[in-house]
Amino acid sequence: MKIPASLPDMDSFSRTLRPDRLVELLRAGPRLGPGADANYSNWEETRAATEATGLDAEEQWFLAKLGRRQSYRALPLADATGRPFQYCVPAAAFELLHRIDRDTLATIPAFEPINNPGTRATYLQKSLVEEAIRSGQMDGGSTPRRTAKDMILGGRVPTDTAQRKVFNNHQALEKVREWKDEFLTPDRVLELHSILTTGTLDAADSVGRLRVADVAAALSERSRVPTHELPHATTLQQRLQVLCDFASAGSSGEFMHPVVRATLVMFALSHDAPFVDGNGRTARALFYWVMAREGYALCEYVSISRVFRKARAQYIRAFQDTLQDENDATYFVLYHLRIFTRAIRELQEYLERKTSEIRDVELRLAHSATPNASLNKRQLDVLANALKEPTALYTIEAHRRAHDTAYATSRSDLLQLAESGLLEHRKTGRSFVFVPPPDLQIKLPRAP
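When you read off a place in the sequence shown, starting at 1, and then add 3, the result is the number in our numbering.
I should point out that these hints are in silico values taken from the structure, not numbers from a laboratory. Quantities reported herein were computed from a predicted structural model and do not represent experimental measurements. Glycine residues also receive a C-beta, built at the ideal position from the N, C-alpha and C atoms. Any given hint could be a false lead.
Stated by the list, open to error - Pairwise CB distance ranges (calculated):
(1) Pro7 with Gly70: 18 to 28 angstroms
(2) Met13 with Gly253: 30 to 40 angstroms
(3) Gly256 with Thr84: 20 to 30 angstroms
(4) Pro87 with Arg345: 22 to 32 angstroms
(5) Gly253 with Pro448: 50 to 60 angstroms
(6) Glu352 with Phe258: 29 to 39 angstroms
(7) Ala94 with Pro440: 13 to 23 angstroms
(8) Asn118 with Ala411: 21 to 31 angstroms
(9) Glu48 with Val92: 12 to 22 angstroms
Work out the full structure: start from the sequences and follow the hints.
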């Protein structure tokens, strides 16, 4: 990732600007319209796109900064030197926030599977497992997705550090769900870090503890590129308290959109890097926590790490732009709003795909000669998976965890499928497993 070009000094620029040209620029601003800064371009983007405005790059940047400075709102969060971060809500952010509110707070047809009490638990478990896996991969974990999924749902003990990261991530997400009505406190954040990093750090005594040594600069996840100066270790306890107070402020004081607040909490912890390792995992978990506290229940079904992995360069750039341009956290807010919007869209596409698969199974059953009286949604989900993965193995315990149901219910689900000939029942050691029969595609042919 290249270092961004230095920004022009706008204060010096304005002092050298001829009065008549200043008047011309101020008159030109309204004519350019609100779209002139709609995307909240950084300096390099502004410099590359000045032909349409008829202004040179510094003049265009001057007008953009003039408007932004009038809209900035100072935050209680600060960089290592004590300089506060600030942000504003440009037109692009309003549009993204509207989409997020519409898609996460309203009941729309695409989200019927997670609004339906009969299938909600199934999709929640799938989502928690997915985010746990993707977050582990963000930190360099290399566990195959199928292996990680089988480990979590099968209740198996992790066998290496990569698996442990995924396991810990899942435990932390479950804990966040448990704490969703609580205020963030430093002790809770330390406990969350402990859950996330137990068994994954070289220095075991750093688990659940703030770092005690100063670090010259933060390094980006995996790429290890220096990004910014870190706060001194002696200030971390106080800074964490300020962060928790900010996260828990809610409706008190000046209004801030809850998604913006959750995003800034994630940014601030990532910026401070208060732990020896595991800062990224902790920051993402805090985002889920604040979103849950603010009533965005659908957020726990959304995997942000899945999309983060595809946009690492933009993540680093958003950090750089924020720190380079007057601690303007709007860059990071916009980056994350786009990430979150994309993650919601991927969830919607996934749910539509799963709904289509279940309908396909129902049609196959309706046209088959196999006894299938009143199969429930959990059983239909098993069959949809079995048709795609003929070598899959199913156990009562994994089925129970996948659908968050009782052991007896899970046992009944799988035994009924076996009795109908749609699964085969085998004993492996002291355990029973269920597998798709070789002729499942024949027993459940595609509907004509």
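Outcome of range test on Cβ distance (Pro7, Gly70; 18 to 28 angstroms)
holds, 21 angstroms
Verdict for Gly253, Pro448 (Cβ pair) under range 50 to 60 angstroms
Given about 55 angstroms between the Cβ atoms, the range holds.
Whether the CB-CB distance between Met13 and Gly253 falls inside 30 to 40 angstroms:
holds, 35 angstroms
Glu352 and Phe258, beta-carbon distance inside 29 to 39 angstroms?
holds, 33 angstroms
Cβ distance range 22 to 32 angstroms for Pro87 and Arg345, holds or violated
holds, 30 angstroms
Between Glu48 and Val92, does the beta-carbon spacing fit 12 to 22 angstroms?
At 19 angstroms between Cβs, range holds.
Given a hinted range of 21 to 31 angstroms, is it respected by the beta-carbon distance of Asn118 and Ala411?
At 27 angstroms between Cβs, range holds.
Supplied distance hint 20 to 30 angstroms, evaluated on CB atoms of Gly256 and Thr84:
holds, 25 angstroms
Holds or violated: 13 to 23 angstroms for the Cβ distance of Ala94 and Pro440?
Roughly 57 angstroms apart at Cβ, these two residues miss the hinted range, so it is violated.
Comparing the model with each numbered hint stated earlier shows that hint 7 is the single one that does not hold.
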